[in-house]
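> For reference, the chains in residue letters:
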Amino acid sequence: MTDTLADWLQSEAPTSRRQAVAGNTYRALRAILTNPTALVGLIIVALLILMAVFAPWLTLGQSPFTQDLAGRLAPPSGAHLFGTDELGRDILARTLFGARATLTIVILVSVIVVPIGLAVGTVAGYMGGWVDTILMRITDIFLAFPRLVLALAFAAALGPGIENAVIAIALTSWPPYARIARSEALTVARSDFIQAALLQGASTWRILFRHIVPLCLSSVIVRLTLDMAGIILTAAGLGFLGLGAQPPEPEWGAMVSSGRDVILDQWWVATIPGLAIFVVSLGFNLLGDGLRDVFDPKSA
Amino acid sequence: MIAVTDLSVTFHNGRRPIRAVRGVSFDVAAGETFGIVGESGSGKSTVLKAIAGLVPSTSSVLAINGRPVAQRRSRADRRMLQFVFQDPYASLHPRQTVDDILREPLEIHRVEGIDEKVAKAIADVGLQPMHRFRYPHQLSGGQRQRVAIARALILNPPILLLDEPTSALDVSVQAEILNLFGRLRQRYSLTSILVSHDLAVVAHLCNRIAIMQLGRLVEIVTADDLRSGAVTADYTRRLIEASRGFTRASA
Amino acid sequence: MSEAPLLIVEDLSVAFPGRTGVTHAVRGASFSLGRERLGIVGESGSGKTTMGRALLGLVPRPGAVTARTMSFEGRDLTRCSERDWEGLRGRRMSMVMQDPKFSLNPVRTVGWQISETCRLHLRTGRRDAERRALDMLQAVQIRDPELVYHLYPHQLSGGMGQRVMIAMMLIAEPDLLIADEPTSALDVTVQNEVLRILDDLVRDRGMSLIFISHNLTVVGSFCDRVLIMYGGRIVEECDARQLHDARHPYTRALVAATPSLDEPRAELATMARDPEWLK
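Residue numbers (the working numbering), protein chains in the order written: chain A, 1 to 300; chain B, 1 to 251; chain C, 1 to 279.
Calculated from the structure, these hints are not laboratory results.
Please read all numbers here as calculations on a predicted model, not as lab measurements.
Hints are not guaranteed to be accurate.
Sample of chain C residues at the chain B side, in silico, Cβ under 7 Å [claimed, not checked]:
#	residue
1	Ser44
2	Asn105
3	Leu195
4	Val218
5	Ser221
Note that beta-carbon positions come from the ideal geometry of N, C-alpha and C, so glycine has one too.
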């Protein structure tokens, strides 16, 4: 049974569009899974997602919100695997639930940043001329804003909260994607296949959307995964400053912040969430590295 | 069918303008295959691109089927004239299957019966149904060029322009593609212009041939003139001699 | 030819191990070369370029070169260390490649490159090397050697670049020159000029030449003998003037498929590739 499926996927003579696309996806997945860096990164990211989704079942019976002031700052033990924080809440449970905040920020930022970057970049790269100049100057303006400062400004103006953190991060993160998309578009814009599309009467919209964007996607995805680490750290930084998820929602940056005062004697309060930030950032970095190798046309 | 008078193309990259084509004039009758031969820098490919509207040009006459064409071509104009590019590796989108590539012109012009037309186009150029859903990197150079020809002919244009269609191919594959073109032009009564640096290739398929050098049209000769050496320009004579291979006597 | 052959090759094979198995680029090739011009003709994938590289010890890793005999001027090439090769290359055997854009060092003047070759192989002093380089530039019919000496490769036209390449490869007076598609990147009128220069130099110095190309017309008119390669094997060996009477079906098909100005045909012959040819 699996033999025929493998044959179907790897067939050199696909008989339908579905088969061709499935075959391509299979080949790409195979390439990712055989690259050790990408594989480790993928596993870590997968663990993050599992943690976030299945948090309620993984907490070993503890709740992230139940306070126990008598048992505050308790060291790791059988009852509390990673100890308790300054309000007696189980750190394991809070770390697991904190993954949700992290994942939310990562997904929301991606969903905003990639379309904007692609749109601005491909239009600028393909159309050239004054359109290019104007779009690139707008990109430069956004690039000039320091992330954290802008986030503070938003928090001051709109109030703290995870949505505003997402907006602040997204607004300062999209310019590099526009630059990447633009440079890919510039390379591709003079190609024969684009000229062929023009000769058939394709509209600019069709050329951008159907021809140029698919070619920019792999670079953008690689950049996104590499950026994730930075985004997670920024979100943690905002949380640290009290601008991200608001209490009692667990959030890794906020947890590190609240553990600051007791770091020497009760190290687990700050270190466990700190380790989580580190491992997840590393995971995304490795995945991005691996993806870059996989997508590199020279290794194809 | 195609009338060109005093065509000029000037490129303005950098400081000095480059006059790639200077005052070229010729006519192509309906059903004829007209050849243009030249070396690098002769402007032969640029002439073709100017007729296709891919590069801006100036001319006193540039008419297709009796009607002058504007610089910006309309969608209807696009159905009159199609192009086959030199490099089979660069003229197909790397992320589209053969099916996608052939559907696109039909979708753009809202033609009915896309599926049958695509299947017929694939058969027309000698490919198998099993090639239909392959990506370009899964095809050989000759197969890619067949797809490019299929794409050019799928809208049934009366005019086909070919820019060095076989220069990047092996000799045996070139023979297959040239034969294919010979059959298709007869089947569809195509009017075409074939550009190449290879005199033998052009003489094989064309009766009237323009010789170009450094942007200018040197002369227009027939294939028989080339064979018998009845040409007026010295440059043409040099080209003929060079195409015969190496000769020890110095010119 | 009464003297011993310059190059003897018997059962030469080059294999490249890869992820999907071993690719045999050259299979059991055998030929000998005297003081003559030998052409090697083949299409892409025939193994002609790999064979040329193997003769100079330039097959990249992980390619493996094996041969029953591969000897040059009596010297066994299969046992050469990298040091031995360095002594041979440039000095006794040289190679001219297809595109001077990619085979000349872009950050050095052409004069420097030619005289460096001279200093390296002939161990002459700097001034002597410069003089020889200028002489060589003159020999390849460059009209203003003094001027061209100080130019960089990107400032040269294709034809001039190839002439510089020839000058560089011949200055140490090798006995064997291997030319791998030397004129394929050139315009057809320039091609003949470069071939004429090569012709004169090879004849004047009594060198042997191996001319690798996909262009049957050029090889047929320039060389004395021709080898036809297909699928890594030599399928035919014949006199250059007798290509039309070739015996192997692939050669006949190749000749029939090449369009010729003087022999108009309605259709060019296409070949049915017989898998027998690969055995």
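> Take the hints in turn and mark each one as holding or not.
Hints, one by one, checked against the model:
1. Ser44: Holds, because the Cβ-Cβ distance from C/Ser44 to chain B comes to roughly 6 Å (cut-off 7 Å).
2. Asn105: Violated. Min distance 24 Å.
3. Leu195: holds (5 Å)
4. Val218: holds (5 Å)
5. Ser221: Nearest chain B Cβ about 3 Å off; hint holds.
The earlier numbered hint that this structure contradicts is number 2, and it is the only one.
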